[in-house]
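Input sequences plus hints: build the corresponding full structure.
Numbering (my numbering), first residue to last: 1186 to 1431.
Just so you know, these hints were derived from the structure itself, not from any lab.
Given the structure is predicted, the values throughout are model-derived calculations rather than measurements.
Straight-line Cα separation of at most 20 Å, PhoX-like style, residue types lysine-lysine; simulated pairs:
id	residue 1	residue 2
1	1332	1306
2	1332	1389
3	1213	1332
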Amino acid sequence: MEIIFLGTNGWYDSDTGNTICTLINSEKYHIILDAGNGISKADQYIDDDLPVYLFLSHFHLDHIEGLHILNKFHFSQGLKIFGQKGTRDVLNTIVNDPFTVPLMTLPYPVEVGELLPGPYKMPFALECEFLLHASPTLGYRFDLEGKIIAYCPDTGICEGAVHLAGDSDLLIAECSHKPGESSPAWPHLNPQDAADIARRAGAKRLALTHFDAGRYRSIQERMDAVASVKDYQDIIVGTDGLNLQI
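Below, the structure is given as structure tokens:
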């Protein structure tokens, strides 16, 4: 199984990359996490007839702006989109005239499902929890091929993130803030915060993404920030195009 970071920026595209999108290629499924502009590269890594799932965490534009280009894809089994309550109304507004090609006229069928916190039995085991952010945000936990992958975008430190990441093989977490930064009014994580969640949860590996484009102006700044963490060693700095095997 491979995890490909298609977009690792928060807020806006820059020289460091596109806005947030992560692709999980498993033996039976393609799972896309959020739909920032990085999603435009998904067809470089999806070249088969496996089912494609898209999980949206919330509706801030850097997580959904890539939905504008869904019409470039040709998913033979269609696309299943999942998000929190209200996802259908949001998608029917922004993925529609006069803004872009409507969902109903894409070159493949699209299904939209809405999720509440809790476990789900899809073709794979899924659990979701609300995180701590300025707008309601879902985090996800996937059980695929005997591996647990947790996805905790836009959040502050919260028990929901620790629960989702519990004993995971990989925690994919956001890292909008630089070391020492925090914002109670607009909760996000800095590298130490993310490492604290991973350590408390017993996550085997931590991969950071969603680096605020205004704060992290180079990949080296990402590397330097993560180097400040001393008490959790297995941290991966997400960059566009990075491919992890688990």
